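Peer 1: With chain C fixed as given, assemble chains F and E onto it according to the hints.
Residue numbers (numbering that gives the first Met the number 0), protein chains in the order written: chain C, 0 to 233; chain F, 0 to 210; chain E, 0 to 222.
Warning: the hint list may mix true and false statements.
[To be verified] With a Cα cut of at most 25 Å, we get these calculated BS3-like pairs of lysine-lysine:
#: 1; chain 1: F; residue 1: K194; chain 2: F; residue 2: K68
#: 2; chain 1: E; residue 1: K159; chain 2: E; residue 2: K221
#: 3; chain 1: C; residue 1: K231; chain 2: C; residue 2: K74
#: 4; chain 1: F; residue 1: K201; chain 2: F; residue 2: K58
#: 5; chain 1: F; residue 1: K201; chain 2: F; residue 2: K182
#: 6; chain 1: F; residue 1: K201; chain 2: F; residue 2: K38
#: 7; chain 1: E; residue 1: K221; chain 2: F; residue 2: K58
#: 8; chain 1: F; residue 1: K194; chain 2: F; residue 2: K182
#: 9; chain 1: F; residue 1: K181; chain 2: F; residue 2: K68
#: 10; chain 1: F; residue 1: K58; chain 2: F; residue 2: K68
#: 11; chain 1: C; residue 1: K231; chain 2: F; residue 2: K58
#: 12; chain 1: F; residue 1: K67; chain 2: F; residue 2: K140
#: 13; chain 1: F; residue 1: K181; chain 2: F; residue 2: K201
#: 14; chain 1: C; residue 1: K74; chain 2: F; residue 2: K58
#: 15; chain 1: F; residue 1: K140; chain 2: F; residue 2: K194
#: 16; chain 1: F; residue 1: K38; chain 2: C; residue 2: K231
#: 17; chain 1: C; residue 1: K105; chain 2: E; residue 2: K159
#: 18; chain 1: C; residue 1: K69; chain 2: F; residue 2: K38
#: 19; chain 1: C; residue 1: K74; chain 2: E; residue 2: K221
#: 20; chain 1: F; residue 1: K58; chain 2: F; residue 2: K38
#: 21; chain 1: F; residue 1: K194; chain 2: F; residue 2: K67
To be clear, the hints were calculated from the coordinates, so they are not data collected in a lab.
All values derive from a computational prediction rather than experimental measurement.
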Amino acid sequence: MNSLKVLSIILITFTIFAGITVPMVPQPQSIFEFPDIPGLGETARIIFFHVPAAWVSVLGFLISLYFGFKYLRTKEYNYDIKSVSAAGLGMLFCVLAMVTGSLWAKFAWGSFWNWDPRETSIFILLLIYGAYFALRSALGSDEIRARLSAVYAILAGLTAPFFIFIMPRVIGGLHPGAEGDSSGSIPIAQLQMPLNMYVVFFTGLVGFTLLFIWLLNVRIRAVSVEYQLLIKDQ
Amino acid sequence: MNRISITAVDIAKSFNYRTIFRDISFSLLSPSSLTITGKNGAGKSTLSKIIAGLISTTKGSCSYTLNKKNVDIEVFKRYIGFVSTYLNFYDEFTALENINILSRIRTMSRQNESRAEEILNLAGLRQRRDDPVGTFSSGMKQRLKYAFALLHNPAVLVLDEPTSSMDDEGIEFVRHIVRQQKKQGILILATNNRKEAGWCDKEVHLGMKKE
Amino acid sequence: MNYLFAIWAIVAKDMRSELRLRYALNALLMFVVTSLAVIIIAFQDSELNPEILSALFWIVIFFTAMSGLSRIFVSEEERGTTLVLQLVASPSAVYFGKLIFNCGLTLLLSSAVTLLYVIIFPTFVIQSLTIFTCTVFLGSLGFASASTMIAAIIAKAQAKSTLYTVLAFPVLAPLLITVIYATALSIQGDIWSNSIPQFQIMIGYLCVVVGFSFLMFDYVWKD
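This is chain C alone, in the form it adopts within the complex:
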């Protein structure tokens, strides 16, 4: 776990440093220069933070789905602890993605929020998980709460990839990659990013993922301890 934490810090530091300081020029001559993507310019830097945050958030929601499923199969309370911790972190990264996205929107489109399909879908996703936590707080007994929120975590986890990956591509909108955006869908998918940007991007992705695993581990341990204390009190 320690090596993971150190690696995560190193990778994210590298990403922040490289993502922000490497200059963007129209015709890059060396690996220490990024190309200037027409229409995006300097704002393209957000891709190193915004996209990993969104992907990690989906990762969190899928992990929450998995642990919810395991709880239903085995009825072991530890799985419920893992499921809720993953959902919480998924929500955290979803908020990060939303905030970075709307910062970018201010500079690219002029306003923080536009109800573009991608923005709407991430907002709905946030509502789904907000509802998950509302459900949990409204259920008293541990067994019922674990069971019902596991079912909801599975439902919500199924919708997460739909909202983040499918819906914005199918409905036209302003966000890069939406239908009708002929300048190309996600640069990553179409390999339009040059190699050096790729390196920074994937470092960021791995770094964020490791950070997520670290946070998840800490959160699970904290909640487990709380739970052990509660049982002991009886």
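Peer 2: For chains F and E alone, kept in the frame of chain C given last:
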């Protein structure tokens, strides 16, 4: 007659961060009877609900066999009659309607409608059978619960606090049922009453855990 | 066969109960009438274009559904009859029975709203009837299926009515967006082939929700 068995292996139940009981095991082969005893809050009603297939266990399992073949609880439910203070009927329907509607959901054929009247008479509800259950006293509701439990001639009868709210006549009625059931099937009783506990051959006692 | 009979018996029980008590029907009707009254007052002099009419149509249906469709499980829980239902029926029979009842209720509701809309709003002239009827039909079924599952989930919780809306809205949002768009198309008189993607989404939504609910209902219903 069908040979029925119920086997419980190391059943434990936790709820709200508390262990209610654990390591409960017993084995019943028809005809036999079991009483579940324990102080208030020991989990008698919970255990009877587990046996009737209404609640799942936290650990351990309860298995059922019919003529030596294992049967899933969803199928076995049809052979169980259950009476408990936690059971409630639909207040807006009459006693007869409740019995008919519920047995239709249990998918018993329409022939049983005459049987429904018969069983209601047996339970002493002849005069009130066309009155909405909302107007019943708790004793009459208890009688209705018995009528409903006995309607399909269950091989297993699970009674949680069998004589609660019953008058003397009712208690006689229950004793009669208990005697019948002990001879032809499995009877499971959950009670605080020492005398009632003596109606059965076996006993399982749920003790409170001492810290 | 027995299984289908059980499902039907559950639907019959709920219908009978509803006819006797009229709680849900009254609540739904009052809600529809009140919301429409508010809309009429608010939009007295304005011109209501197809998009707005379509959105308002489904908003009324959405909130009316939120006020009434949870009854199906909440009433069982509140009156303590869940236990007896668990005793006599298999979980999936309960699910399908309640689902069919809710579908019927929602179809009734949307028909009522359609009728009232036609009477009240002169600009509400549906030019493409096939698109409209299919949208309302599929949309109502989609509403009912998502609402039924969520109702089962919140039946044991506190603060049921607010929780119900909080949980149901994000799940219903994709359907809502789709049907509003399709209804607007039908008012404008668009051709059938243009609305096929919307119907694909509606049918897909229905399949996913019913499939998911069927698989998961056992875990929600059985303690």
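Peer 1: Under the constraints set out in the numbered hints, which ones does this structure not fulfil?
Peer 2: Structure breaks hints 1, 12, 17, 18 and 21.
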